[in-house]
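Join the two chains into one complex using the hints; note that each chain is given alone, in its own frame.
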Amino acid sequence: GENVEQHPSTLSVQEGDSAVIKCTYSDSASNYFPWYKQELGKGPQLIIDIRSNVGEKKDQRIAVTLNKTAKHFSLHITETQPEDSAVYFCAAPLYSGGGADGLTFGKGTHLIIQP
Amino acid sequence: GAGVSQSPSNKVTEKGKDVELRCDPISGHTALYWYRQSLGQGLEFLIYFQGNSAPDKSGLPSDRFSAERTGGSVSTLTIQRTQQEDSAVYLCASSLETGSTEAFFGQGTRLTVV
Chain A
979 GENVEQHPST
989 LSVQEGDSAV
999 IKCTYSDSAS
1009 NYFPWYKQEL
1019 GKGPQLIIDI
1029 RSNVGEKKDQ
1039 RIAVTLNKTA
1049 KHFSLHITET
1059 QPEDSAVYFC
1069 AAPLYSGGGA
1079 DGLTFGKGTH
1089 LIIQP
Chain B
7 GAGVSQSPSN
17 KVTEKGKDVE
27 LRCDPISGHT
37 ALYWYRQSLG
47 QGLEFLIYFQ
57 GNSAPDKSGL
67 PSDRFSAERT
77 GGSVSTLTIQ
87 RTQQEDSAVY
97 LCASSLETGS
107 TEAFFGQGTR
117 LTVV
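In the order they appear, the protein sequences are chains A and B.
The first sequence lines up with residues 979 to 1093 when you count with the working numbering.
The second sequence lines up with residues 7 to 120 when you count with the working numbering.
Some hints here could point you the wrong way.
Claimed, not checked - Dumping the calculated SDA-like pairs for lysine to any residue here, alpha-carbon to alpha-carbon at most 20 Å: (1) A:K1085 / B:G46; (2) A:K1085 / B:R116; (3) A:K1035 / B:T107; (4) B:K63 / A:E980; (5) A:K1020 / B:K17; (6) A:K1085 / B:Q113; (7) A:K1015 / B:Q113; (8) A:K1020 / B:D30; (9) B:K17 / A:G1019; (10) A:K1020 / B:Q113; (11) A:K1020 / B:A94; (12) A:K1015 / A:H1050; (13) A:K1015 / B:S11; (14) A:K1020 / B:S44; (15) A:K1020 / B:Q47; (16) A:K1085 / B:F110; (17) A:K1020 / B:K63; (18) A:K1000 / B:G46; (19) A:K1020 / B:A8; (20) A:K1020 / B:G48; (21) A:K1000 / B:G48; (22) A:K1020 / B:I32; (23) A:K1085 / B:S93; (24) A:K1085 / B:L66; (25) A:K1020 / B:F110; (26) A:K1085 / B:A94; (27) A:K1015 / B:G46; (28) A:K1085 / B:Q47; (29) A:K1020 / B:S15; (30) A:K1036 / B:E108; (31) A:K1020 / B:P14; (32) A:K1020 / B:L27; (33) A:K1015 / B:G48; (34) A:K1020 / B:G9; (35) A:K1015 / B:S101; (36) A:K1015 / B:A94; (37) A:K1015 / B:K63; (38) A:K1020 / B:S13; (39) A:K1085 / B:A8.
For the record, the hints were derived by calculation from the structure and aren't laboratory data.
Since the structure is predicted, the reported quantities are computational estimates derived from the model, not experimental observations.
For reference, chain B alone in the conformation it holds in the complex (with noise of 0.2 Å):
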């Protein structure tokens, strides 16, 4: 695709409810980012893959997050039982590889939970 694309765009959910995030990365990009905005804040760094493979799970804030991604290319970023501190804008970026090379990134799921 021309960019990196992510689904959906919003979503609101109910305290407790599972989410499922989706990121589309540009066509051939080897390496797959997560990261979260809260308000006003910086981006946090969650998790990144290169190819199908998440050689750290650290940045991933509880046990509830999760995600992966099959075939080299689409990602979903799963939150179980959501909290309400979970609320933010969830940001996926894509590049050629890893290391120090340009990062795209999607436009972002606003997450609510209510």
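Isolated chain A (complex conformation) (with noise of 0.2 Å):
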């Protein structure tokens, strides 16, 4: 099965400044990357994914990076601001080539924004 890291664990930034938030992954048939950020008390929400045919997606101030070839992808988040304080988690398919689904994760980022 994949096998997603993910840093930093901490992340404190400025408010106003860019946070940037990276993912590397183990399997290279993996075709689909979402980002879901999680507040205090709630479940995980998907904020943007991108699927391996594409380079990068913008969405706003957040946008995915994918490096296929070097399997990692980045979230980056620019002109942050005191709402974007929350747990962010990537994530990558359970298993490539169809069969069993579900999604693997990442141990989550906590990101700070300093006012």
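Structure representation (structure tokens):
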């Protein structure tokens, strides 16, 4: 099955600055990479995802980049705001090639936006 | 419903007792997933359902854990003879279909075994 590594575990940035969270994966056949945001006491919420046929995707202040050769993908948040403070998780399919389903998650990054 | 609903939101139980956690997926979603999130950790995949069928149960931590889904809708996760290490947040998610499609999560059930 897939293995996903995420870093850093904690990231503190000044409000208005950019934040970057990085993940690596092990299975070169993986084709779907979502990012989830989890606020305290709530379930994770999908904020952006990317499929292996593109290298970058943007949605307002957030973007995700994918490097298939190096098997890593990153979340970029620009012009950070206090409401961006949360735990962010990257994920990849548990198994490639069909059959079983579900996601395997990184251990999360606690993003802290300093006022 | 508007989103994935889980109940109860919190459950405190004594070691050795059985507990049942419930998940109501988004209407029309055929795929349903259970995950476990321990304190400060990522999400651990437990099991998924496509309709009422669970093709892969290998993610369940032990034979004390079981899950079922009836009518292609509501799912229950049952933990028998609970142990302290079972304490965690149990999250349910659903998606329109299996494969690489968006999974919507419920708010979770926080289980505390004392």
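Consistency of the hints with the structure:
1. Using a Cα cut-off of 20 Å, the hinted pair A:K1085 and B:G46 holds, with the two alpha carbons roughly 8 Å apart.
2. Among the hinted pairs, A:K1085 with B:R116 is consistent with the structure: their alpha-carbon atoms are about 19 Å apart, no more than 20 Å.
3. Between the alpha carbons of A:K1035 and B:T107 the distance comes to roughly 16 Å, so the proposed pair stays at or under 20 Å and holds.
4. Of the supplied pair hints, the one linking B:K63 and A:E980 holds, its CA atoms being roughly 17 Å apart against a limit of 20 Å.
5. Between A:K1020 and B:K17 the alpha-carbon distance is near 16 Å, which keeps this suggested pair within the 20 Å criterion.
6. A hinted pair counts as satisfied when its Cα atoms are at most 20 Å apart, and A:K1085 with B:Q113 qualifies at roughly 18 Å.
7. The straight-line distance between the Cα atoms of A:K1015 and B:Q113 is roughly 13 Å, inside the 20 Å bound, and the hint therefore holds.
8. With a CA separation close to 16 Å, the supplied pair A:K1020 and B:D30 stays within the 20 Å bound.
9. Distance hint between B:K17 and A:G1019 is fulfilled; the C-alpha atoms sit about 14 Å from each other, no more than 20 Å.
10. A hinted pair counts as satisfied when its Cα atoms are at most 20 Å apart, and A:K1020 with B:Q113 qualifies at roughly 5 Å.
11. Taking the CA atoms of A:K1020 and B:A94, the gap is near 14 Å; set against the 20 Å cutoff, the hint holds.
12. Distance hint between A:K1015 and A:H1050 is fulfilled; the C-alpha atoms sit about 19 Å from each other, no more than 20 Å.
13. For the hint pairing A:K1015 with B:S11, the CA-to-CA distance comes to about 18 Å; that is within 20 Å, so the pair holds.
14. At roughly 14 Å between alpha-carbon atoms, A:K1020 and B:S44 fall within 20 Å of each other, so this suggested pair holds.
15. Restraint check for A:K1020 and B:Q47: the C-alpha separation of about 15 Å stays at or below 20 Å, so the hint holds.
16. Our distance criterion of 20 Å between C-alpha atoms is met by A:K1085 and B:F110, whose separation comes to about 19 Å.
17. At most 20 Å may separate the alpha-carbon atoms for a hinted pair to count; A:K1020 and B:K63 exceed this at roughly 26 Å.
18. Proposed proximity of A:K1000 and B:G46 is supported: the alpha carbons are some 18 Å apart, at most 20 Å.
19. For the hint linking A:K1020 to B:A8, the alpha-carbon distance of about 15 Å falls within 20 Å, and the restraint holds.
20. Pair hint A:K1020 plus B:G48 holds up; C-alpha atoms about 14 Å apart against a cutoff of 20 Å.
21. Simply put, A:K1000 and B:G48 have alpha-carbon atoms about 15 Å apart, close enough for the 20 Å limit, and the pair holds.
22. The suggested pairing of A:K1020 with B:I32 holds, with an alpha-carbon distance near 17 Å, which does not exceed 20 Å.
23. Between A:K1085 and B:S93 the alpha-carbon distance is near 18 Å, which keeps this suggested pair within the 20 Å criterion.
24. Restraint check for A:K1085 and B:L66: satisfied, since their Cα atoms lie roughly 19 Å apart, inside the 20 Å limit.
25. At roughly 12 Å between alpha-carbon atoms, A:K1020 and B:F110 fall within 20 Å of each other, so this suggested pair holds.
26. Note on A:K1085 and B:A94: the hinted pairing holds, with a Cα-Cα distance of about 15 Å set against a maximum of 20 Å.
27. At most 20 Å may separate the alpha-carbon atoms for a hinted pair to count; A:K1015 and B:G46 meet this at roughly 14 Å.
28. About 6 Å separates the Cα atoms of A:K1085 and B:Q47, which keeps this hinted pair within 20 Å; it holds.
29. With a C-alpha separation of about 10 Å, the suggested pairing of A:K1020 with B:S15 holds against the 20 Å cut-off.
30. Restraint check for A:K1036 and B:E108: the C-alpha separation of about 17 Å stays at or below 20 Å, so the hint holds.
31. Simply put, A:K1020 and B:P14 have alpha-carbon atoms about 14 Å apart, close enough for the 20 Å limit, and the pair holds.
32. Under the criterion of a C-alpha separation no larger than 20 Å, the hint pairing A:K1020 with B:L27 is consistent with the structure, at around 17 Å.
33. A C-alpha spacing of about 12 Å is found between A:K1015 and B:G48, which places the hinted pair at or below 20 Å, so the restraint holds.
34. Distance hint between A:K1020 and B:G9 is fulfilled; the C-alpha atoms sit about 13 Å from each other, no more than 20 Å.
35. For the given pair, A:K1015 sits about 17 Å from B:S101 by alpha-carbon distance, which is consistent with the 20 Å threshold.
36. For the suggested pair A:K1015 and B:A94, the alpha carbons sit about 19 Å apart, so the restraint of at most 20 Å is met.
37. Distance check on the hinted pair: A:K1015 and B:K63 sit about 27 Å apart at the alpha-carbon level, beyond 20 Å; violated.
38. Restraint check for A:K1020 and B:S13: the C-alpha separation of about 13 Å stays at or below 20 Å, so the hint holds.
39. Distance restraint check for A:K1085 and B:A8: the Cα-Cα separation of roughly 28 Å exceeds the 20 Å cut-off, and the hinted pair is therefore not satisfied.
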